[in-house]
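Engineer: Whenever a hint applies, use it, and build me the whole structure from the sequences.
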Amino acid sequence: MNKLENRNGNPVYKTIIYIVCIFLTVLSLFPFIVMVINSTRNTPQIQQHAVSLIPSNHLAQNWAVFNGKTFDPIRGFFNSLIISSGSTVCTIYFSTLTAYALVAYNWKLRNPFFTFILCVMMIPAQITSIGFYQFMYKIHMTNNFLALILPAIAAPQCVFFMRQFMLASLPLELLDSARIDGSREFNTFNRISLPIMKPAMATQGIFSFVFSWNQLFLPSILLTNNKLYTLPLMVSQLKGDIYKVEYGAVYLGLTLSVLPLFVIYFALSKYIIAGVALGGVKG
Amino acid sequence: MTLQKNKTFSYAKYGYLFSLPFIIAYLVFHLYPIIYTAILGFTDCKGLGNTNWHILKDDLWKNFRTILNNATFKTSLKNTFVLWIMNFIPQIVLALLLTAWFTSKRNVIKGQGFFKVVFYMPNIITAASVAILFNVLFGYPKGPVNDILVSLGLRSDAYYFTNNATASRWIIAFIQFWMWYGYTMIILISGVLGINPEIYEAAEIDGANDWQTFWQITIPNLRTILTYTLITSMIGGLNMYDMSKMFNNGNPNNSTLTTSVFIYNQAFAGSYMYNRAAAASMIMFVIIAFFSVIVFYLMRDRKS
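Residue numbers (numbering that gives the first Met the number 0), protein chains in the order written: chain P, 0 to 282; chain X, 0 to 303.
Check before you lean on any hint, since a few could be wrong.
To be verified - Derived list of chain X stretches under chain P, where covered just means 3 residues or more per stretch with a C-beta under 8 Å from a C-beta of chain P:
{"id": "1", "segment": "35-49"}
{"id": "2", "segment": "254-263"}
{"id": "3", "segment": "276-287"}
What the hints assert, rightly or not - Some chain P residues flagged as far from chain X (calculated, every beta-carbon gap over 10 Å):
{"id": "4", "residue": "I53"}
{"id": "5", "residue": "L58"}
{"id": "6", "residue": "K68"}
{"id": "7", "residue": "N142"}
{"id": "8", "residue": "M165"}
{"id": "9", "residue": "A167"}
{"id": "10", "residue": "E172"}
{"id": "11", "residue": "R190"}
{"id": "12", "residue": "P194"}
{"id": "13", "residue": "K197"}
{"id": "14", "residue": "P198"}
To be verified - Calculated lysine-lysine pairs in the DSS-like style (CA-CA distance at most 30 Å, straight line):
{"id": "15", "chain 1": "X", "residue 1": "K45", "chain 2": "X", "residue 2": "K56"}
{"id": "16", "chain 1": "P", "residue 1": "K269", "chain 2": "X", "residue 2": "K109"}
{"id": "17", "chain 1": "P", "residue 1": "K13", "chain 2": "X", "residue 2": "K109"}
{"id": "18", "chain 1": "X", "residue 1": "K56", "chain 2": "P", "residue 2": "K137"}
Please keep in mind that the hints were generated in silico from the structure rather than gathered at the bench.
Beta carbons are placed, not taken as given, at the ideal position from N, Cα and C, and that holds for glycine.
Structural biologist: Written out as structure tokens, the structure is:
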């Protein structure tokens, strides 16, 4: 009897755990369910009852509210896509290259350089934004996506992660045999190291993309032309007075702004959870 | 022999060469702005598009003194810490509880994969959108939360959440908690899975129950990861901008104003006081650097 209980655990205790977990599941999903359903309802319906589990048929009507307004989700989507893709490619490629320099070669300043990366890893870009803004203003790079893409070349946290992964999975003998075969160093990196690094690059790529996509502070100071607004900047327009009476449209705008992330998340959640477990993102 | 020596020497140069893009990008886009910000804190740089500024001659530390004596800055610094503590304590308690539940060998919980995916989900959603969503959900008088409270008879009339300082703070702390406990839980679970299973087996043989195992084995072995979580969360909390700005723009009465929003308002909302914003940034930089040093020593230990 005692043994059986030991194997299956305490049923009362387990029931409590399941109840708490189900409650937390509802807590995670409920705000988004309300958001999606209300984006199909019109203002009078929402005013009468703000919570409903039955979708209505006013989606097109809510969409029409955005006509001719500054909130342009399609433009915002493509602006965000350009910036996030550009900075992700920069971060992933150059971080792997830097990690390769740290792992594959023995150079005098290698350890000081790595120590430096550890030191600056925690400095948030936001804290130096005043200097960054003034600098970009001076060289006429405000309202230019490159100001948000090029800094991504230097991503200390990503280099740190790539280095740890490379130390564990890149056999240095493989590089030696490539050298014997006459492969040039840069070629060896591209043809041999990059394929081995693919899993780490995919994980870091997802986080880098999402981080860039969600950014608000830097885009909000650098992009003043509303044709260049990213999706989070577009969303901040929803707080404006024109939407005070258009509840359905606000919910629809919010839904559209998070839709791409939901698609990414539910397609890749397995890799994302595994990546978080590796400590690949900052808190 | 000479050839061999030459060869190793020539390979070393690739180390420098391949780090070069990183180094250049870091110097130009990260280090230079840090120095630039530090210098601006000692200047009279204000006004939109002003590139003609000078180092303060008579009173070098004027901006720093102005900021440190500024009541709004003090309020924002206090808010930033208070909001962080209000979200971190419940966050770490729940994350530890879930970690203990999900790693228990005696009471195996089914559907963990599903729960992890759902609990972590809010973390990946744009904070700006989440902040506006919660502002709408707690809307007055016809928001969904008020609708529920009144329908269930918990309140006779709608409550103006966003007009009350305490309620607004708790809502922001709740959103942060809600967005981050899943993340913390996953980090802690992976930490527990990294603990040598033999220690747990020995405890089981000695007849330790779940509660004893958790406090006497799990917690002591998670010390490094717990400190890391604490510090990184604090650095994140000290930078909180999106939530405060988008939920209610620091209102009511600056009760949810964070230092990041204060800095933004100094520099970009109307007054264009770049010098004061830079001084405030540097004060935050020093505070964050202090905490970063702790993380640095932790990571160095993990490296070896």
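Engineer: All hints are to be evaluated individually against the structure, with a verdict given for each.
Structural biologist: Going through the hints against the structure:
Counting residues of the segment 35-49 of chain X whose CB lies closer than 8 Å to any CB of chain P gives 7, so the stated coverage by that chain holds, three being the minimum. Coverage of the segment 254-263 of chain X by chain P holds [criterion: at least 3 residues with CB-CB distance below 8 Å; count 3]. Counting residues of the segment 276-287 of chain X whose beta-carbon sits less than 8 Å from any beta-carbon of chain P gives 6, enough to reach three: the coverage restraint holds. With 10 Å as the threshold on Cβ separation, the claim that P/I53 sits away from chain X holds: the shortest Cβ distance comes to roughly 14 Å.
P/L58, annotated as away from the interface, keeps every beta carbon of chain X farther than 10 Å; the closest lies near 17 Å. Distance to chain X confirms P/K68 as a non-interface residue, since its nearest Cβ pair spans about 16 Å, more than 10 Å. A cut-off of 10 Å between C-beta atoms confirms that P/N142 is not in contact with chain X; the least separation is 13 Å. With a least CB separation of 12 Å from chain X, P/M165 remains clear of the 10 Å interface cut-off, as annotated.
With a cut of 10 Å on Cβ distances, P/A167 stays outside the contact zone with chain X, its closest approach being about 13 Å. Listed as outside the interface, P/E172 is consistent with that label: its C-beta sits roughly 15 Å from the nearest C-beta of chain X, beyond the 10 Å cut-off. The Cβ of P/R190 sits about 15 Å from the closest Cβ of chain X, beyond the 10 Å cut-off, so the non-interface label holds. Residue-level check passed: P/P194 sits 17 Å from the nearest beta carbon of chain X, beyond 10 Å.
Every CB of chain X is more than 10 Å from the CB of P/K197 (nearest about 19 Å), matching its label as outside the interface. At roughly 16 Å, the least C-beta separation between P/P198 and chain X is larger than 10 Å, which holds for a residue marked as non-interface. Our distance criterion of 30 Å between C-alpha atoms is met by X/K45 and X/K56, whose separation comes to about 16 Å. Annotation: proposed proximity of P/K269 to X/K109 holds, straight-line Cα distance about 17 Å (limit 30 Å).
Only pairs whose Cα atoms come within 30 Å are accepted, and P/K13 paired with X/K109 is accepted, the gap being roughly 10 Å. Restraint check for X/K56 and P/K137: satisfied, since their Cα atoms lie roughly 24 Å apart, inside the 30 Å limit.
Violation of the numbered hints given earlier is absent; every hint is satisfied by the structure.
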